[in-house]
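Peer 1: Each chain is listed here by its residues.
There are 2 protein chains.
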Amino acid sequence: MARAIEMAAENARTGCGGPFAALVVKDGAVIATGVNRVTSSNDPTAHAEIVAIREACRVLGHFQLTGCEIYASCEPCPMCLGAIYWARPARVFFAGTRADAAAAGFDDSLIYDEFQAPLAGRRIPMVPLMRQEARRAFREWQARTGRMPY
Amino acid sequence: MARAIEMAAENARTGCGGPFAALVVKDGAVIATGVNRVTSSNDPTAHAEIVAIREACRVLGHFQLTGCEIYASCEPCPMCLGAIYWARPARVFFAGTRADAAAAGFDDSLIYDEFQAPLAGRRIPMVPLMRQEARRAFREWQARTGRMPY
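Protein sequences, first through last, are from chains B and H.
Residue 1 is where the first sequence starts when you use our numbering, and the numbers rise one by one after that.
Residue 1001 is where the second sequence starts when you use our numbering, and the numbers rise one by one after that.
You may find that some hints are simply not true.
[As the list claims (entries may be wrong)] Which residues of chain H face chain B? A few of them, derived with a C-beta cut under 10 Å, are:
id, residue
1, LEU1065
2, ARG1091
3, ALA1104
These are calculated hints, taken from the structure and not from any lab test.
Backbone N, C-alpha and C fix where the C-beta goes; we use that ideal spot for every residue, glycine too.
All chains, please: the whole structure from these sequences, using the hints.
Peer 2: Put into structure tokens, the structure is as follows:
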């Protein structure tokens, strides 16, 4: 964790992006690292945890981080928490909290709050459309033999 | 939306990934598309919305989708919903629901439920560690002149 915090501080100092870093560890060894690169790569999804998870999966050649641990310099935002559930590591350690992030000007807490709001009452409106037609795509999925669940 | 649903069905049919697709529209024109590529690219973050958002930001040369609309063939999972909040489009249209996704074997609903659970009671344990030390990274961020908020 000390290394993640040092990388986060360094990332803020050099102007590469926000003060966040993450490491993925497997069997006691660091297999991937990531720092926030949102502004330097024009990619709003380039949070430290996402960058580290993508790199770790590339290294492992698999879309799951079974048996891995993630060390994040700050509590994951909702996007990164979602990514963690899809990657399914064994556990996650984090240092700063969502309150610390909010105090430094990051929206994490606001986004967590939005998850509780009904669709119609959200800051970004979510509009349902063509649900019946969409079932076709799920039927194609379920009809396919040899589909790979994830 | 009809095009997003067709792309989602095609993606399931060809075995590229899950039955999901998304489009980003600006000023009435499609500027980016994405389909689910989790299993074909070994990337658990390669959901349709994430792929489309990254591509749209690349096209626009910016980390925000101001004034854009997203058409998703299914209600975004928590990871993608988080990414949408960071990208800040004007609005989101979706066709299938999280219940439809769950019925087809996708974890979206389970992950939404986990967001309500206390840290200690989650399926993937979240362990706080070294919070005081982590404040250093935020101090570096706040001390930096010319930092770019996102």
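Peer 1: Confirm or reject each hint.
Peer 2: Consistency of the hints with the structure:
no.	hint	verdict
1	LEU1065	8 Å, holds
2	ARG1091	5 Å, holds
3	ALA1104	4 Å, holds
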